[in-house]
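Chains as they are written, first to last, in the numbering used here: chain D, 1 to 251; chain Z, 1 to 405.
Hints may contain errors.
[Said to hold, decoys possible] Listed below are the simulated DSS-like cross-link pairs for lysine-lysine, each with C-alpha atoms no more than 30 Å apart in a straight line: (1) D:LYS190 with Z:LYS332; (2) D:LYS197 with Z:LYS259; (3) D:LYS190 with Z:LYS259; (4) Z:LYS45 with D:LYS198; (5) D:LYS2 with D:LYS196.
[Claimed, not checked] Residues from chain Z shown here face chain D by an in silico Cβ test under 7 Å; the list is partial: (6) GLN13; (7) MET17; (8) LEU50.
[As the list claims (entries may be wrong)] To list a few chain D residues with every Cβ distance to chain Z over 10 Å, as calculated: (9) LEU15; (10) PHE17; (11) SER25; (12) PRO187.
No lab work stands behind these hints: they were computed from the structure.
Keep in mind the model is a prediction, meaning the values are calculated, not measured.
The beta-carbon is built from N, C-alpha and C at its ideal position, and this holds for glycine as well.
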Amino acid sequence: MKIAVCIKRVPDTELRFTIAADGQSLDSTGMKYEISTFDEYAVEAALRLNEAHGPGEVTVVGLGPAALGEQLRRAMSMGADRAIHLTADEVPFDGAAIAHALADALEGQSYDLILFGRNATDTGNGVVGPMVAHQLNLPCVTGISHLEIGAGQGTAKRVLEGAVETVTFPLPAVLTIDEGLGRPRIPSLKGIMGAKKKPLAESPAELGPVRVSVTALAPPPDRPPGRIVGQGADAVPELVRLLRDEAKVLS
Amino acid sequence: MDESLYFEEQHHQVREMVRDFALSEVAPVARDLDRTQEFPWETIKQMGELGLLGVPWSEELGGAGMDQISYYIAIHELGKVDASHALTLSAHTNLGTSPIVEFGTDAQRQTYVPLLASGQVMGGFGLTEPGAGSDAGGTATTAVDKGDHYLLNGSKIFITNAGVGEIFVATARTEPGKGSRGITSFIVTKDTVDIDRCRAVGVGHVDALPKTPGVRAGKKEEKMGWRASDTRELLFEDAIVPKENLLGTLGQGFVNFLKTLDGGRIGIAALSLGIAEGAYEQARQYAGMRKQFGQAIGAFQGVHFALADMAMEIEAGTHLLYSAARLKQAGKPFKKEAAMAKLFCSELAMRTTTKAVQIFGGYGYTTEYPVERMMRDAKVCEIGEGTSEIQRIVIAREILGKIVR
Ligand SMILES: Cc1cc2nc3c(=O)[nH]c(=O)nc-3n(C[C@H](O)[C@H](O)[C@H](O)COP(=O)(O)OP(=O)(O)OC[C@H]3O[C@@H](n4cnc5c(N)ncnc54)[C@H](O)[C@@H]3O)c2cc1C
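Could you build the full structure based on these sequences and the hints that come with them?
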C-alpha cells in the first residue's frame with residue numbers, strides 16, 4: 001500500500017517547560033524536540049501494515065522549520081521510505097492553515113491511506129487530520145486503536161469511554177491514530193545508516209490563511225491542597241463517600 | 001557538554017537510539033538482574049536486532065558499519081542505566097570480536113565475525129590466569145604443537161561471557177622460556193552454558209559452529225557489582241585446537257593483546273563515565289525533591305558543592321573519553337590517552353557514586369534506589385582491563401619512556 005504519514009515536530013514531553021517572556025509561547029532555550037507521540041504511533045502503524053500486506057511505500061510528510069529534518073530522518077530510520085518536508089519558518093497554531101498546505105502536497109498522489117496522530121502533543125487540537133480529509137473529500141476515522149485492511153476496505157476500532165466501537169470505511173481514507181496499534185520501534189543502527197541515503201524532498205509550504213492564534217499562555221491554576229478526612233478505620237466511610245460523590249472514581 | 005566538538009550528526013542519532021533502548025528495555029529489569037545475577041538474554045537479543053553487538057564492524061561482516069565513536073557512545077549510554085549490559089557489550093565487541101577483525105585471516109573473519117556481530121553468539125577474551133593478572137605476560141596456559149593441531153592446557157579466570165559465550169580469543173604459551181614473546185593467541189569455541197534458554201529465546205547458540213573439544217566454562221563468580229554480567233573460569237583440558245585457529249602470528253599474542261586492551265580501556269572509560277552520569281543525574285533529581293529543615297536538600301550549600309564537583313569531573317571525563325576515541329578513530333596513537341581516560345573515569349565513577357549515595361542518605365543505601373548498585377558497579381572499573389595502578393604505569397612509561405630507562 002502507498003501510505004502517507006504526517007508527523008509534527010513538538011517539544012519533548014518529558015522536559016519541563018516555561019512560558020516565554022511574550023506570554024504567548026514556550027521558552028525555547030534548552031528545549032529538545034521529538035516526533036509528536038501519536039504521530040510516531042502512526043508511523044509504526046504504517047510500517048506494520050506494509051510488513052503484513054507485502055511491499056508498499058511509506059512517505060512521511062512534515063511541515064516546519066529546517067530542524068524538522070531531524071524528525072523526518074528519524075521516521076526514515078524507523079523504516080519509512082522517503083520524506084517530504086514542507087518548509088515554513090513557523091508552524092501556525094491554526095490547524096486549517098496547516099491542513100491547507102498538507103492537502104496541497106498530498107493531493108493527487110494516490111495514497112491508499114493518509115495517517116495522522118490522534119492529536120499533536122503540543123497544541124492538542126486534533127483538527128488537522130479531519131480538515132485534510134475534508135479538503136481531499138476522503139472518509140475520515142479518528143482516534144483508532146486497532147486497524148485491519150482488506151480489499152479496498154478497512155475496519156477500525158475506537159476505544160470510547162465505556163465501549164469499543166468498530167467502524168468500516170472504504171480506501172483511500174484519512175485516519176488518526178491512538179495508542180494501541182503497537183509501540184513505535186526503536187530505529188536500528190542499520191536503519192540510521194540507511195536513512196541517510198533515503199530521499200527527502202523539500203518545498204515551501206502553501207499555508208492557508210491563519211485565522212486562529214494564541215493570545216496568552218498561562219500555567220494551569222495550582223492544584224487545590226489535599227484534604228485529610230480523618231484517621232484509621234473511622235475515616236473510611238467518609239473517604240468512600242467522597243471518592244464516589246465528589247471524585248466520581250467509584251460507582 | 002557541547003558534544004559538537006566530537007560528535008557528528010549520526011552520533012547524536014546513535015545516542016538517542018541507545019538511550020531510548022536503555023530507558024525503555026533495560027532500566028525496568030536492571031534491579032532484578034542485579035539481584036538474581038541472571039544473564040539478560042532477552043535484552044541481548046534486542047541489542048543484536050538493533051545492531052548494537054557489532055557497531056564498528058563493516059556490513060559485509062554483519063556489523064552496523066558505524067565508527068568507533070558510535071561504539072563508545074553505545075557503551076556510555078548503556079552504562080548510565082546498567083553497567084552490566086554495557087560491560088557485556090564491551091567485552092563482546094572489543095575483547096571478543098576486535099582481535100579477530102584486526103588480526104584474523106579472511107577465512108577466520110568470515111567464519112566468526114558475522115556470528116558475533118549479529119549477536120547470534122556471544123564472544124569473550126581469555127587472558128587473565130590465576131597466576132597472571134596485572135602481569136598478563138606471565139601466561140602459564142600451554143599450547144603444544146601436535147602437527148595438525150595445538151593441544152591447550154591451563155585455566156583462565158575472571159573471563160567475561162565465559163559461560164554464556166561460544167567464541168573466544170585466548171592466549172597460551174607456545175614457547176616456554178621466551179617470556180612475553182612466547183605467547184600466541186588462538187580462537188576457541190564451546191557451547192554456551194545456557195543452551196535451553198538460548199534455544200527458547202532464539203539467540204546465543206549456533207549448532208553448526210564446530211566446537212573445540214576440551215574447552216569448557218568453570219564456576220560462575222559471585223560478584224559485588226556487574227552482577228548481570230557473566231564472569232567465569234575458562235578451562236582448557238587437552239583442548240584440541242586446529243592449526244587454522246591460530247590468530248595472528250606465532251609469538252605475537254602479547255603484542256596483539258596489548259593493542260586490544262588499549263581499545264578496551266576507552267570502553268571501560270565510557271562505561272565508567274556512564275555510571276558516574278547515571279548516579280549524578282539521580283542525585284541531582286533527588287536533591288530537588290527531598291525536603292529537610294523545611295527546604296529541598298539541594299538548597300544547602302554542602303549539597304551544591306558535591307553536585308558541582310560531580311558535574312565538573314563528568315565534564316572533564318567526557319573530554320578525555322571522546323578525545324581518546326577520536327584519536328583511535330583517526331588511526332593516531334592513543335595508548336596514553338586511553339589509559340588516562342580509563343584511569344580518570346573509573347576513579348571518578350567511584351567518587352561520584354559514593355557522593356550520590358551520600359546525597360540520598362539512608363534511602364541511597366537501600367536497593368529501593370539505583371545508586372547503591374551504581375556504587376557497587378563502579379568499583380570494578382578500577383580493576384578490570386588493567387587496575388588503576390597499571391594505568392599509572394602505562395601512562396608513566398609513555399611520558400618517561402625516552403628519559404628513564
Ligand atoms: C568482573 C571482572 C571481569 C573480568 N573480565 C576479564 C576478561 O573478560 N578477560 C580477562 O582476561 N580478564 C578479565 N578480568 C581480569 C582483570 O583484568 C584482572 O582482574 C586485572 O587485570 C587484575 O589482575 P588480578 O586480579 O590478578 O590482580 P593482581 O594483578 O594480583 O593485582 C593485585 C593488586 O596489586 C596491584 N599491582 C599489581 N602489580 C603492580 C605493580 N607492578 N605496581 C603496583 N601495583 C601493582 C594491582 O594494581 C592490584 O591492586 C576481569 C576481572 C573482573 C573482576
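* Asked: Holds or violated: are the alpha carbons of LYS190 (chain D) and LYS259 (chain Z) at most 30 Å from each other?
  -> 28 Å, holds
* Taken at face value, is the distance from the CA of LYS259 (chain Z) to the CA of LYS197 (chain D) at most 30 Å? -> 34 Å, violated
* Asked: Looking at SER25 (chain D) again, its CB stays over 10 Å from all of chain Z?
  -> Fine: 25 Å to the nearest Cβ keeps SER25 (chain D) off the interface.
* To do: Against chain Z, does LEU15 (chain D) hold up as non-interface, every C-beta pair farther apart than 10 Å?
  => 13 Å, holds
* Taking only the CA atoms, is the gap from LYS190 (chain D) to LYS332 (chain Z) under or equal to 30 Å? -> Cα-Cα ~27 Å, so holds.
* Asked: Given the hint that LYS2 (chain D) pairs with LYS196 (chain D), does the C-alpha gap stay at or below 30 Å?
  -> 21 Å, holds
* Asked: Closest CB-CB distance from PRO187 (chain D) to chain Z, is it above 10 Å?
  -> Incorrect as stated: the minimum Cβ-Cβ distance to chain Z is 6 Å, not above 10 Å.
* Asked: Between LYS45 (chain Z) and LYS198 (chain D), is the straight-line Cα distance small enough, at 30 Å or below?
  -> Distance of about 27 Å is within 30 Å: holds.
* To do: Mind checking the CB of GLN13 (chain Z) against every CB in chain D and telling me if the closest is under 7 Å?
  => 5 Å, holds
* Is PHE17 (chain D) truly not at the interface, in the sense that its beta carbon sits beyond 10 Å from all beta carbons of chain Z? -> Given that every Cβ of chain Z is farther than 10 Å from that of PHE17 (chain D), nearest at about 16 Å, it holds.
* Asked: Should the interface hint for LEU50 (chain Z) be scored as holding, given a Cβ-Cβ cut-off of 7 Å against chain D?
  -> Status holds, d = 5 Å.
* Should the interface hint for MET17 (chain Z) be scored as holding, given a Cβ-Cβ cut-off of 7 Å against chain D? -> 6 Å, holds
Violated hints for the displayed structure, listed by number in ascending order: 2, 12.
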